[in-house]
Amino acid sequence: MPTYTDMTRCDGCGECVDICPSDIMHIDPVYRRSYNIEPNFCWECYSCVKACPQHAIDVRGYADFAPLGHKVRVLREPEKGAISWKIRYRDGRVKEFAFPIRTTPWGSIKPPSDYAVPDAAALNSPMLAHEPEALKIAALPTLSPRDKEKV
Amino acid sequence: MARRTKFVDSDILIIGGGFGGCGAAYESRYWGRGLKIVLVEKANIERSGAVAQGLSAINCYMGMQWGENQPDDFVRYTRGDLMGLVREDLVFDVARHVDSTVHKFEEWGLPIIKNPQTGRYLREGKWQIMIHGESYKPIIAEAARKSATEVYNRVMVTHLLLDRVRPNQVAGAVGFSVRDGSYYVFRAKAVIVAAGGGSHLYRPRSVGEGMGRTWYAPWSTASAYGLLIPTGALMTQMENRIVLARFKDGYGPVGAWFLLLKSHATNAYGEKYEESRFEEIKARVGKYADIKPMPTCLRNHAMLEEMKAGNGPIYMHTQHVLDTKEKEEVGWEDFLDMTVSQAVVWAAQNIDPKEQPSELITSEPYVMGSHATCSGAWASGPEDLAPADYQWGYNRMTTVAGLFGAGDTIGGSAHKFSAGSFTEGRLAGKAAVKYVLDLKGAPPQVDEAQVAALKEMIFRPLENYRVGRNEIVAGTVSPSYLTPLQGLQRLEKLMDEYVGGYSTFYVTSEPLLNRAMELLGMLKEDMEYLGAEDLHQLQRAWELHHRVLTAEAVTRHTLFRRETRWPGYYYRADHPQLDDAEWHVFTASQYDAQTGEWRMSKLPVHHIV
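Protein chains in written order, with numbering that gives the first Met the number 0: chain W, 0 to 150; chain V, 0 to 608.
Treat the hints as calculated values from the structure; they're not laboratory data. Warning: the hint list may mix true and false statements.
Claimed, not checked - Some, not all, of what chain W presents toward chain V, calculated at C-beta under 7 Å:
hint, residue
1, 40
2, 46
3, 60
4, 79
5, 90
6, 98
7, 101
8, 103
9, 112
10, 135
11, 136
12, 140
What the hints assert, rightly or not - Computed from the model, here is a short list of chain W residues facing chain V with C-beta under 10 Å:
hint, residue
13, 11
14, 70
15, 86
From the three backbone atoms N, C-alpha and C, an ideal C-beta is built for every residue, glycine too.
The shape of chain W in the complex, shown without the other chains (with noise of 0.2 Å):
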């Protein structure tokens, strides 16, 4: 199926519509939930299924080689910087872990536009924004005019 809601949780509020990267789910015009349109075309990413307020959308493993009874569970907690995982086996076992996702708050990257104004004759050398400290090393590495004349 890879991704289904859950008809009692699901409220409606199209989260999933808006994240879904193979624009597949969609909202029921009847139930007035979202469900996966296309089954056939979902990566099983898990974006829907992070971006749910309602924790209503789970993933079936794709119905052609994963056999019933698993469950793959997620709660991705942004502010937290953090994303914990529970598996289940078909057989019970359970596995659970967890990882950082962000060592920074959410919205603190700085603009491009916030840094000083770049002189106008850096936009003839081959330097990108920031370099060379962004590099680490004290120059642009280039090829020496003998390098490019054994061609």
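Mind docking chain V on chain W? Use the hints.
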């Protein structure tokens, strides 16, 4: 039918909000403070492109600050991996800048794992570093949103526009909103195509629900090439498709297992088959067999020979390497960050990697420019590195004036992966700013008649469906239209059977390729009759157009290169040897939209390192 047209003017239009597009947005804003920069994406840039799900490693980082690798080392590595053929100027250029990109990512908040002994980034392999990368894309998307003047999500770009009087200069692009059906006309001085490579050109191994679990994302629809080819931009190495050795069915990555955890693969009888097949490989490809590490395609080849010999399943022996809690977490995170499906397969099939091995297999082929492969547009190289015939003005500009590319779009520039694609976007972004500021005279003009004709053409599948649907009671079988899925599956089947898919063990030949061209010709005619039930299916219809055009390029290039350069990616049964005397060259094609003719040629490979 009345349909709203929306005009969007910009200095720089960026098509595709994956890593290439986000890099282009950031850099073009840095250098072009007053410019209007518009980013358009068919999904939502928060989770779009190949990295939508996340990644567990950055596969392109030099570590120059610690003297770990230098750009020329990287050129030698990619050249070897691609059996001698890469654009060394482009590869060197990505390599010398990529460290600054990665350092910026870390500053922005991407958790990069450190080696506790050295304090340096933890190396997965010589070129790879480990990250906690579940939110890799949302972090990069935040930077892009703060850079672009406007971001248009859920707008599918279908065609590029050329200037009304200067036919080799870009003027913009058109497409439609997948949400409200508006027709969008983007008019721009420069365009950076940072769209995706191609999954689903070939029949995937899983064809039911699991057909979505291709290795590359199903939303990577070859638009990088489908947009460029009709402009007449010179394309290169389109035959250089890639086949991946991956965990079976879930397509979980193998890099961390081989390189970091030091796991190994064997056939069903416990034999390390790569070593035992070395002499046979050497006989095929000569000196290239001695390259260390063994090129990706040749490792595939060894696995394929084992499978043909009935020595499968091939196993990755995970059970020997997960002896600590830390290593077990590394192994699981590798999948949970970027390929959750493989964790689903383990849970569903009761496979605990600590206790038993997992099957490996070779995937269906993919066409792309950012991995261990380099299909894409022929691009101008950097001023201080490129040989004279690789350079015509602006870095990463295609042979069409003002039309730039990054990531999967650019050919010859292999092994970029995520950070390298972002870096290439930065290079294209800076060059596009320079191009726009240098542009003299009147800005490019779109052709109003063409814009009107494209509007009719783009929405025609909705009309085909509306009319044809009334001829039948119900269901999907119509004598008047094909659904996009039906068209896609015809494409996948013919590419698989004639152009070297998995069902022939990646073997093709001139007669097979000629037959493919006949069938592709009829598919192209039938594409006029695609029927789309709604805007979502209209998106699928135009994704299919991009795939079909790309598939034709792949077929023509495969026909043109009369050798087997990359055994393990594909085989020309009628030319089974690698032939450096004739084919140590790039293949090139140029499509003429007026006549429908393709012109094939060879371009020189220069070794600058």
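Checked hints:
1. 40: Constraint on residue 40 of chain W satisfied, holds at 5 Å.
2. 46: Since chain V brings a Cβ to about 4 Å from residue 46 of chain W, closer than 7 Å, the hint holds.
3. 60: holds (4 Å)
4. 79: violated (12 Å)
5. 90: Result: holds, 5 Å to nearest chain V Cβ.
6. 98: holds (5 Å)
7. 101: The hint holds - residue 101 of chain W has a Cβ within 7 Å of chain V, the shortest such distance being about 4 Å.
8. 103: holds (3 Å)
9. 112: Residue 112 of chain W check passes; min Cβ-Cβ to chain V is 6 Å, inside 7 Å.
10. 135: Holds, because the Cβ-Cβ distance from residue 135 of chain W to chain V comes to roughly 4 Å (cut-off 7 Å).
11. 136: It holds, given that the least Cβ distance between residue 136 of chain W and chain V is near 5 Å, below 7 Å.
12. 140: holds (4 Å)
13. 11: violated (16 Å)
14. 70: holds (7 Å)
15. 86: At 5 Å from the nearest chain V Cβ, residue 86 of chain W passes the 10 Å test, so the hint holds.
In this structure, the hints that do not hold are numbers 4, 13, in rising order.
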